[in-house]
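Protein chains: 2
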Amino acid sequence: MTHDTTSFSARLTAAIQSKGTPACIGLDPKASALPPALLQNISASENAPPHQLAEIYLQFCKGVIDVVAPLVPIVKPQLAYFEALGPHGTTALAEVIAYAHEKELLVLADGKRGDIGSTAEAYAAGWLAGPWAADALTVNPYLGLDSIEPFIKRATTTNAGIFVLVKTSNPGGKDFQDLKVDQSHVYDHVAKGVEAVAHKTAGDQQYGAVGAVVGATWPEQLTALRNAMPHTWILIPGFGHQGGTAAGVAGGFDEHGLGALVNSARGVIFAHSRPEINDGLQPHQWQTAVERACTQMIDQLAAETPAGKLR
Amino acid sequence: MTHDTTSFSARLTAAIQSKGTPACIGLDPKASALPPALLQNISASENAPPHQLAEIYLQFCKGVIDVVAPLVPIVKPQLAYFEALGPHGTTALAEVIAYAHEKELLVLADGKRGDIGSTAEAYAAGWLAGPWAADALTVNPYLGLDSIEPFIKRATTTNAGIFVLVKTSNPGGKDFQDLKVDQSHVYDHVAKGVEAVAHKTAGDQQYGAVGAVVGATWPEQLTALRNAMPHTWILIPGFGHQGGTAAGVAGGFDEHGLGALVNSARGVIFAHSRPEINDGLQPHQWQTAVERACTQMIDQLAAETPAGKLR
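Protein sequence lines, in the order shown, are assigned to chains L and B. Position one of the first sequence corresponds to residue 1 (our numbering), numbered consecutively onward. Position one of the second sequence corresponds to residue 312 (our numbering), numbered consecutively onward.
In short, the hints are calculated from the structure, not lab data. Any given hint could be a false lead.
These stretches of chain B come out as covered by chain L in the derived footprint (C-beta under 8 Å, 3 or more residues) [unchecked claim]:
no.	region
1	325-339
2	392-400
3	413-426
4	476-489
5	529-538
6	596-609
BS3-like cross-link-like pairs, simulated, lysine-lysine; straight-line CA separation at most 30 Å [said to hold, decoys possible]:
no.	chain 1	residue 1	chain 2	residue 2
7	B	LYS620	B	LYS503
8	B	LYS503	B	LYS464
9	L	LYS192	B	LYS503
10	B	LYS620	L	LYS174
11	B	LYS464	L	LYS192
12	L	LYS200	L	LYS309
13	L	LYS174	B	LYS503
14	L	LYS180	B	LYS620
15	L	LYS200	B	LYS485
16	L	LYS180	B	LYS491
17	L	LYS192	B	LYS485
Every residue gets a Cβ at the ideal spot worked out from N, C-alpha and C, and that includes glycine.
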């Protein structure tokens, strides 16, 4: 999908409505979890030659994209796995993003970047449109609101978006995010700051260019944060493998089934290792497993959340 | 400096003592601030062809490294400026790191990375030794202590280090870091977590593999945090251009003049645009300006902080 004159929020809404689902597929090519059929002779350890692994990551991600492109609106490459391979990996990442765009998918770069002033500007310039050409980027708020501002500025001029970490899916997410401040938590303060800028960038639309990340593992807080951030897209990671359920993410949506993206990575892309999904398949049919798992996720979201209204 | 059998903390101590200064030079190749002599025909705007800018960034960083290698223990490439150029930039970054090592400098990769579980492991595997081969990496704590654990694990097995953001130099750093929790602040809680793991990795040494980032713009908090984190290296950015002074960072050191690294980027690497430093120099003599500014910084730290004892 090209960076045309339409805002990220409008493009995301259109893509969700066109595919009839808010499912986002995470591209997390962890070497040791890849389909054995792709690895052939090389070792899946982190000691394998980076250029060989990078080539396999590219092949794998293209294979996943081929399957999910007709089914979902957006993919989320996890930058860490590509970076882990050095420059060979980051070069492969650029090709993965370009390939997803060829297949008319939106691309959310999951980098959790964050820095100050002109350094934040540099990250924004690289990822939001720019050379990496992502449609959106995840951003870490620890450095404060002035550290997020350059990302917002860039996002609004390039019709891109950002998703700011608010309440993350991991157990340790509570260490600092849940510290009690007055009658609320640190994450509530972050949410308040995020909603303010999301509202500002929304114009006369419901949602703005600034979203939030809230883990699927916190259903109660998700509902509260949906209410506290009416102009904010919510990216909900942690579905499936991390324990988040379709019923658990229902609170992230508005009454039209919009306002949320639900991400699954391992549960879909590594579905070849889920016995109940992989049943009857040969090793070379790993893409069929991806398709089954993706369809299963889409069906679960449609059945158990307001996203069912999108169909 | 190779990743031998010596811990990061021991190698950093040795390098600081050998050079007689805790000065760290930030490699932040912002296109529009580069010495005009290097830019020649190409535009310094972000619209210049990325492969051309990447080549110039490499040339510039090598030129800075040539000057500062005999003077300081460590350099800190800012990943954002390289990433801003896409894969051409990240490829140049790998060459910059390799060149700094050739010149026997330690390399602290300033990426402020942070994620959970196997994603954090992937970042750690990429940066700490690994394909990028940095000696240390800056890490963002918002995702909690379990998100830092994979970095520590990797750092201790590869004799690398990490520096966790505690109190950042920018004005907005206070938005979330300074929120009041009980009788203290969010950053005090982060500092407590950092000190615990730093202590654990220190063995019978004073400092461990885990450091903290505390901005030069908060002298009072710096002194308090030095006392609260006796086993924690402190990286102090914000010296010079951002307003931090030598006197202001004095509180970051222990009584032996150790325990802190003071970073300056723009004030040193772009010294050609400081009239009082550049006086009498021709455009092609930008490296002389870098040398003058670096020496001035070293002298100021020696005169006004406990680091004077290192000489």
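Checked hints:
Here the region 325-339 of chain B counts 1 residues with a CB under 8 Å from a CB of chain L, which misses the bar of 3, and the coverage is violated. Note: the region 392-400 of chain B has 8 residues with beta-carbon separation from chain L under 8 Å; the three-residue rule is met and the coverage holds. Only residues whose C-beta sits within less than 8 Å of a C-beta in chain L count toward coverage, and the region 413-426 of chain B has 4 of them, enough to reach three; the restraint holds. Only residues whose beta carbon comes within less than 8 Å of a beta carbon in chain L count, and the region 476-489 of chain B has 11; three or more means the coverage holds.
Proximity of the region 529-538 of chain B to chain L, defined as three or more residues with a beta carbon under 8 Å from a beta carbon of that chain, is not established by the 0 residues found. Counting residues of the region 596-609 of chain B whose beta carbon lies closer than 8 Å to any beta carbon of chain L gives 0, which falls below the threshold of three, so the coverage claim is violated. In summary, the hint linking LYS620/B to LYS503/B is supported, as the alpha carbons are separated by about 28 Å, within the 30 Å threshold. Distance hint between LYS503/B and LYS464/B is fulfilled; the C-alpha atoms sit about 19 Å from each other, no more than 30 Å.
Note on LYS192/L and LYS503/B: the hinted pairing holds, with a Cα-Cα distance of about 26 Å set against a maximum of 30 Å. For a cut-off of 30 Å, the pair hint linking LYS620/B to LYS174/L is broken: about 42 Å separates their Cα positions. For the suggested pair LYS464/B and LYS192/L, the alpha carbons sit about 35 Å apart, so the restraint of at most 30 Å is broken. Restraint check for LYS200/L and LYS309/L: satisfied, since their Cα atoms lie roughly 28 Å apart, inside the 30 Å limit.
Note on LYS174/L and LYS503/B: the hinted pairing holds, with a Cα-Cα distance of about 15 Å set against a maximum of 30 Å. Between LYS180/L and LYS620/B the alpha-carbon distance is near 43 Å, which puts this suggested pair outside the 30 Å criterion. For a cut-off of 30 Å, the pair hint linking LYS200/L to LYS485/B stands: about 22 Å separates their Cα positions. As the CA atoms of LYS180/L and LYS491/B are separated by approximately 8 Å, the hinted pair is consistent with the 30 Å bound.
Between the alpha carbons of LYS192/L and LYS485/B the distance comes to roughly 15 Å, so the proposed pair stays at or under 30 Å and holds.
Of the hints listed earlier, those the structure fails to meet are numbers 1, 5, 6, 10, 11, 14, in rising order.
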